[in-house]
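A.B. asks: Please work from the sequences and hints to get the whole structure.
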Amino acid sequence: MAEIQRINGEYFKDHRGSLLFFNQLDMREIVRFYEIFPSDPKLIRGWQGHRTEKKWFYCTKGSFIINTVLIDNFDKPSKSLVTSKYILNDTFPEVLLVPQGHATAIRAMEKNARLQVYSNFTLEESKNDDYRFDLEEWPADWKT
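The sequence shown lines up with residues 1 to 144 when you count with UniProt numbering.
Simulated from the structure, these hints should not be mistaken for laboratory data.
Among the hints, erroneous ones may be present.
[To be verified] 16 Å max Cα-Cα, derived EDC-like pairs, lysine to aspartate or glutamate:
1. Lys76 with Asp134
2. Lys54 with Glu29
3. Lys61 with Glu110
4. Lys61 with Asp90
5. Lys54 with Glu3
6. Lys143 with Glu110
7. Lys54 with Asp130
8. Lys111 with Asp40
C.D. replies: This is how it looks when you write it as structure tokens:
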């Protein structure tokens with residue numbers, strides 16, 4: 001099973017301004033993207049998983065906590081799965097690649113935060129590969 005990857009971006013700055021770039025990000029698989037604008041930083045989106053779809057996450061404003069879990073059985077997952085926590089923010093350019101087989105739970109850390117999500121599936125394909133789990137299914141760390 002593929003592992004979660006952090007893909008670091010870089011900055012360039014001169015008298016004309018600044019440039020943010022991700023030269024190490026291979027976008028050939030990406031077919032669509034959307035942006036999440038949470039209405040309340042206390043709300044958590046998830047757990048949502050995919051057997052075969054990959055997701056790339058990039059924070060364009062504010063910061064987010066993303067908890068992930070590798071699902072052992074999508075029909076009846078174990079209650080003892082271990083979660084991992086990642087923090088994305090707009091001050092450090094980073095894309096988080098969550099490969100197939102994982103579920104995510106996401107929370108903004110402040111108001112007006114924005115998170116771009118890229119996918120290698122069309123919307124129809126994604127709907128057929130969408131698995132939802134109760135927020136209490138696995139322990140997640142929401143502390144900053």
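A.B. asks: If a hint holds in the structure, say so; if it doesn't, say that too.
C.D. replies: Hints versus structure:
About 12 Å separates the Cα atoms of lysine 76 and aspartate 134, which keeps this hinted pair within 16 Å; it holds. Taking the CA atoms of lysine 54 and glutamate 29, the gap is near 9 Å; set against the 16 Å cutoff, the hint holds. A C-alpha spacing of about 10 Å is found between lysine 61 and glutamate 110, which places the hinted pair at or below 16 Å, so the restraint holds. With a C-alpha separation of about 5 Å, the suggested pairing of lysine 61 with aspartate 90 holds against the 16 Å cut-off.
For the hint pairing lysine 54 with glutamate 3, the CA-to-CA distance comes to about 11 Å; that is within 16 Å, so the pair holds. A threshold of 16 Å between alpha carbons decides the hint, and for lysine 143 with glutamate 110 the separation of about 13 Å falls inside it, so the pair holds. Using a Cα cut-off of 16 Å, the hinted pair lysine 54 and aspartate 130 holds, with the two alpha carbons roughly 12 Å apart. With a C-alpha separation of about 6 Å, the suggested pair lysine 111 and aspartate 40 falls inside the 16 Å cut-off, and the hint holds.
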